[in-house]
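Could you put together the complete structure from these sequences and hints?
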Amino acid sequence: MELPIYLDNNATTPLDPRVLEAMLPYFTNKFGNAASRNHAFGWVAEEGVDYAREQVAKLIGCTDKEIIFTSGATEADNLGIKGVYEMYQDKGNHIITATTEHKAVLDACKHLEKLGAKVTYLQVKADGLIDLQELEAAMTEQTILVTIMYGNNEIGVIQPVKEISAIAHKHGALFMTDATQTVGKIPVDVNADGIDLMAFSAHKMYGPKGVGALYVRRKNPRVKVTAQIDGGGHERGMRSGTLNVPGIVGLGKACELCRLEMDEEAKRLSALRDKLEGALSQMEESYVNGNTAHRLPHVANISFKYVEGEGLMMSMKDLAVSSGSACTSASLEPSYVLKSLGLSDDLAHSSIRFGLGRFTTEEEIDFAIEHTKAAVNHLRELSPLWEMFKEGIDLSKIEWAEH
Amino acid sequence: MEHYTNPRNVGTLNKDSKNVGTGLVGAPECGDVMRLQIEVDDNNVITDAKFKTFGCGSAIASSSLATEWLKGKTVDEALTIDNMDIVEELALPPVKIHCSVLAEDAIKSAINDYRVKNGMEPIAMPKSHH
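Chains as they are written, first to last, in my numbering: chain A, 1 to 403; chain B, 404 to 533.
Certain hints may be false.
Said to hold, decoys possible - The calculated lysine to any residue pairs, modelled on SDA-like cross-linking and capped at a C-alpha distance of 25 Å, are:
hint, chain 1, residue 1, chain 2, residue 2
1, B, K520, A, I393
2, B, K418, A, K224
3, A, K390, B, S420
4, A, K125, A, A137
5, A, K390, B, D516
6, A, K397, B, L427
7, A, K339, A, P160
8, B, K453, A, A374
9, B, K453, A, E391
10, A, K373, B, D516
11, B, K453, A, K267
12, B, K418, A, E381
13, A, K224, A, E141
14, A, K390, B, D419
15, A, K91, A, T226
16, A, K267, A, E141
As the list claims (entries may be wrong) - Covered, in the sense of this in silico footprint (three residues per stretch, anywhere, with C-beta under 8 Å from a C-beta of chain A), are these stretches of chain B:
hint, stretch
17, 431 to 439
18, 468 to 477
19, 485 to 494
Stated by the list, open to error - Beyond 12 Å from chain A on every Cβ pair, some chain B residues (computed):
hint, residue
20, V423
21, N446
22, N447
23, L482
24, V519
25, K520
Rather than coming from a laboratory, the hints here were simulated on the basis of the structure.
Just so it is clear, CB atoms sit at the ideal spot from N, CA and C, and this is done for glycine as well.
Here's what the structure looks like:
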């Protein structure tokens, strides 16, 4: 077992060696531009892209023409949201999303607000799920898009996308989902789930960074998005720019591996996750965040009261984990996702996200359990709050000098 | 780093004792709470210092260093400890300067607790730098 142990697979996953192998020829002798139609170099590259498009489509149950390759999920989120707003502006200007969405969605919506869009940010319940009645009540004749993530990046809760899409469609709106953490982890079928647009990324499913896709429905209804990057008219005019052929080939291979191995992997990872979570939640004053019945198989988010998350991560130097998401951990703010669940700042500050992955072993999980326990106990020995708690002092009654 | 992985003077002094001063600063919501205690002898010399801190590594290291520096100093000398000395000693990055400020506040707050217990005027607390 090598240290440190990587348990931050929601931030990114290592590249599967089989994916790398598939990609390599496209860096060297198959280097052509997939848009070069008049010679063999172009054809070979295009063949690689076409094959990848089929591999991706097969994983999510769509046709290959419905896949728009992008530079990643952030771009796909932006293209989906801004592209729909621009395309369907005549029909209405209202978008519904949720407070626990990824920043790529929230900030794209904020951008549109400046351009005249009305955006409803649904609150979530204490378990992280949105309230379907609230969604229903928020729908108006002006609503053109409902965009709710599939599985959450910080706590792993899975939203009831079928029910959400049904409500959106009943009111004539499109349904988009950011499925970055979900595709390749659990079965996703765009038709069964009623998804019109879906963003996802290769590097969260053992593929390379810098490549992702937006699924755009072509039938019932035929959805169009206005391009956000102008140029040579690639990807059916929706996303210009020379295709990242090795990346796309990698995404395709990653999707194929996920399709073939997902069921088994999910079973194995949820067993390991449950072992980790079971052991750690037995510790005094530790709390599992988010709904545990509707959840991705590989994520556990646990708050250890009376210790501070950043300090905890430093003491867990042999574990690569995160407190909050990688995107926001550069700031010192507690996770806005956990705060949306109604967690107080101190519990949100005390949380650790464990993200298991394809290469996580049971030995590593056993080590992680012991290492985390030792770190929490060590920091509680140092914590004045723990001492006060043990003395029976009610911390909420103390007047803290806010600073 | 050494003060974080191997903090000195972790513990608790009897806060009800007349020659012990206790400073509790910060707030759980902000992610930092520091409790710093000093024990002072009849010659106004700090003979012992203990801390417990809830917070990031820099907050823990800052309080550990503060207790090391306090021991052996007179109360008046202790008042001259400046947060920037802590920043320099621990090479804290800019986002962690507030940890050193908190440690300075904790020192002053502990001294005030001691002064008030012994019938002296509290010194003015520095305006919070936050």
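Hints and how they fare:
no.: 1; hint: K520/B / I393/A; result: holds, 22 Å
no.: 2; hint: K418/B / K224/A; result: violated, 69 Å
no.: 3; hint: K390/A / S420/B; result: holds, 21 Å
no.: 4; hint: K125/A / A137/A; result: holds, 16 Å
no.: 5; hint: K390/A / D516/B; result: holds, 23 Å
no.: 6; hint: K397/A / L427/B; result: holds, 14 Å
no.: 7; hint: K339/A / P160/A; result: holds, 21 Å
no.: 8; hint: K453/B / A374/A; result: holds, 22 Å
no.: 9; hint: K453/B / E391/A; result: holds, 18 Å
no.: 10; hint: K373/A / D516/B; result: violated, 35 Å
no.: 11; hint: K453/B / K267/A; result: violated, 49 Å
no.: 12; hint: K418/B / E381/A; result: holds, 18 Å
no.: 13; hint: K224/A / E141/A; result: holds, 20 Å
no.: 14; hint: K390/A / D419/B; result: holds, 18 Å
no.: 15; hint: K91/A / T226/A; result: holds, 15 Å
no.: 16; hint: K267/A / E141/A; result: violated, 43 Å
no.: 17; hint: 431 to 439; result: holds (count 8)
no.: 18; hint: 468 to 477; result: violated (count 0)
no.: 19; hint: 485 to 494; result: violated (count 0)
no.: 20; hint: V423; result: holds, 15 Å
no.: 21; hint: N446; result: holds, 29 Å
no.: 22; hint: N447; result: holds, 26 Å
no.: 23; hint: L482; result: holds, 19 Å
no.: 24; hint: V519; result: holds, 16 Å
no.: 25; hint: K520; result: holds, 19 Å
In the structure shown, a violation is registered for the earlier hints numbered 2, 10, 11, 16, 18, 19, in ascending order.
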